[in-house]
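Given only the sequences and the hints, what does the whole structure look like? Please build it.
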Amino acid sequence: MSFASACENLLRGVPDYPCFLTVDELEAATDGLARAHPDAVRVTELGRSRGGRPVRCLTVGAGECAAAALGAPHPNEPVGVMAVSYLAERLAADPGLAAELGVTWYLVKAWDIDGLALNEGWLKGPYTLFDYARHYFRPDFADQPDWTFPVRHKRLAFNAPTPEASCGMLLIDEVRPDLLLSLHNCSFGGAYWYETEPTPALWEPLRDAARRRGVPLDLSTPEMPYAKQLAPAVLGALGAEDAYDYYESLGAEDPAALVGHGTTSAAYAARRHGTFGLVCEIPYFYDRAIEDGSGCGRTLSEVLLARLDWVGACGRLVEGWMGELGGVLGEKNPYRRALAAESFAASDAALRRQARDDPAFAREATVAEAFDADVVRRFYRSRNVGMLLSAIDWEASERRLSSSERVVAAEVGAEAESWLREACADFEARSSYRAIPIRDLVATQLESALLAVAHVRGLM
Numbered sequence: 001m002s003f004a005s006a007c008e009n010l011l012r013g014v015p016d017y018p019c020f021l022t023v024d025e026l027e028a029a030t031d032g033l034a035r036a037h038p039d040a041v042r043v044t045e046l047g048r049s050r051g052g053r054p055v056r057c058l059t060v061g062a063g064e065c066a067a068a069a070l071g072a073p074h075p076n077e078p079v080g081v082m083a084v085s086y087l088a089e090r091l092a093a094d095p096g097l098a099a100e101l102g103v104t105w106y107l108v109k110a111w112d113i114d115g116l117a118l119n120e121g122w123l124k125g126p127y128t129l130f131d132y133a134r135h136y137f138r139p140d141f142a143d144q145p146d147w148t149f150p151v152r153h154k155r156l157a158f159n160a161p162t163p164e165a166s167c168g169m170l171l172i173d174e175v176r177p178d179l180l181l182s183l184h185n186c187s188f189g190g191a192y193w194y195e196t197e198p199t200p201a202l203w204e205p206l207r208d209a210a211r212r213r214g215v216p217l218d219l220s221t222p223e224m225p226y227a228k229q230l231a232p233a234v235l236g237a238l239g240a241e242d243a244y245d246y247y248e249s250l251g252a253e254d255p256a257a258l259v260g261h262g263t264t265s266a267a268y269a270a271r272r273h274g275t276f277g278l279v280c281e282i283p284y285f286y287d288r289a290i291e292d293g294s295g296c297g298r299t300l301s302e303v304l305l306a307r308l309d310w311v312g313a314c315g316r317l318v319e320g321w322m323g324e325l326g327g328v329l330g331e332k333n334p335y336r337r338a339l340a341a342e343s344f345a346a347s348d349a350a351l352r353r354q355a356r357d358d359p360a361f362a363r364e365a366t367v368a369e370a371f372d373a374d375v376v377r378r379f380y381r382s383r384n385v386g387m388l389l390s391a392i393d394w395e396a397s398e399r400r401l402s403s404s405e406r407v408v409a410a411e412v413g414a415e416a417e418s419w420l421r422e423a424c425a426d427f428e429a430r431s432s433y434r435a436i437p438i439r440d441l442v443a444t445q446l447e448s449a450l451l452a453v454a455h456v457r458g459l460m
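If you're matching positions, the sequence shown starts at 1 in UniProt numbering and goes up one per residue.
These are calculated hints, taken from the structure and not from any lab test.
For clarity, every value in this text was computed on a predicted model and none was experimentally measured.
C-beta: ideal position from N, C-alpha, C; glycine also.
One should not assume that every hint holds.
Simulated pairs of lysine to any residue, SDA-like, Cα-Cα distance not exceeding 25 Å [said to hold, decoys possible]:
{"#": "1", "residue 1": "Lys228", "residue 2": "Lys124"}
{"#": "2", "residue 1": "Lys228", "residue 2": "Pro163"}
{"#": "3", "residue 1": "Lys228", "residue 2": "Gly125"}
{"#": "4", "residue 1": "Lys228", "residue 2": "Gly295"}
{"#": "5", "residue 1": "Lys124", "residue 2": "Leu11"}
Pairwise CB distance ranges (calculated) [claimed, not checked]:
{"#": "6", "residue 1": "Ala231", "residue 2": "Arg434", "range": "25 to 31 Å"}
{"#": "7", "residue 1": "Arg434", "residue 2": "Glu331", "range": "49 to 55 Å"}
{"#": "8", "residue 1": "Phe3", "residue 2": "Arg42", "range": "21 to 27 Å"}
{"#": "9", "residue 1": "Ala62", "residue 2": "Glu324", "range": "57 to 63 Å"}
{"#": "10", "residue 1": "Asn9", "residue 2": "Glu364", "range": "43 to 49 Å"}
{"#": "11", "residue 1": "Pro200", "residue 2": "Leu401", "range": "55 to 61 Å"}
And the structure:
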């Protein structure tokens, strides 16, 4: 069996998953795999999460190439969880397949394991915009495992990794991997990739991996204004260093204060160990408009400023509801913490300035860019309303609310839920979205990973 045929074998076997796995299901599967294949799988505990859960790594294979894969770097992104779980099961059960790939795999199924548990309200479906947004959870940048790695850059100095980030650092520094796969996925839009160094030989094969499964490419504006576009749907990997330089280029007096978080696992591993990093972003929901490069009849400036006006109004709504709730939400409430620290103000303000003043934004926007601004980015920000509703639910489940607190919580909850339903109905009216089968998402992410392995092994 050749490397190519081993990859085909692996990709052909991806199951038609009906839904995503919960934390308990993942942990049970890990224990079962270790019992069934003790000679093929080694399970180690890298440390404990903020909530006290074990962050575990499965080592499978014995090839010269060392590859680390981190599932759920953001807790609302379980595609990588499924990809890592499938990869571990197949390689443990088929040593010949593992040997042909030539890789020692270090697999973390659920990096942000606490946050994944808080997303379980939508993991089993139905997969609609409202149900996803209503049960969504994601911490602020300063609490995210993949954005709290230590960094020193100009006047930026950050060394406050989360417990989960410390687990990732331990793995990276012990293994010094040739390849790091931070298994992100986006929520709505199309497929795109980040890489730590330009690799033109990978770009078309990566895009083909998505196209073959009917997943559109995201040809809109990059999600971060400082992302470097290397090719259509391919971007340079992001780190806190890039954010700092972007704010500095706009004349910010204190770029470090605007960043407010650490760097990424990919930037950290590349700097310390020369590791090649690849991130494959693939959406749950898509609309073909996201790859339409024709003109939309509006300028890019108009499109972006309208988006920023909308998300700003959404943010003020959430702030107002938080103010009405007051002391109803306690300090230990994870949703309250995420909402209180929500940190898009600096990047939104910087993008507004660019869109208003930079002549480059006077060109006509594409349909893809308009759809991204009018639907995708607005939907993303509306998820904070879902977190507000979950904050109320969490508080009511943790303690007995007073009668006055129950009244306020009910009033705010009803108003916020009505707003979220109307917003999601508007997004649906503006799009012809559909949910992508989990099998196609997992296979696209796995093929991207295997292409990166081929690159690192010199097989491209």
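So, going through the hints one by one against the coordinates:
no. : hint                        : verdict
1   : Lys228 - Lys124             : violated, 35 Å
2   : Lys228 - Pro163             : violated, 30 Å
3   : Lys228 - Gly125             : violated, 35 Å
4   : Lys228 - Gly295             : holds, 22 Å
5   : Lys124 - Leu11              : holds, 23 Å
6   : Ala231 - Arg434: 25 to 31 Å : holds, 26 Å
7   : Arg434 - Glu331: 49 to 55 Å : violated, 41 Å
8   : Phe3 - Arg42: 21 to 27 Å    : holds, 24 Å
9   : Ala62 - Glu324: 57 to 63 Å  : holds, 58 Å
10  : Asn9 - Glu364: 43 to 49 Å   : holds, 47 Å
11  : Pro200 - Leu401: 55 to 61 Å : holds, 58 Å
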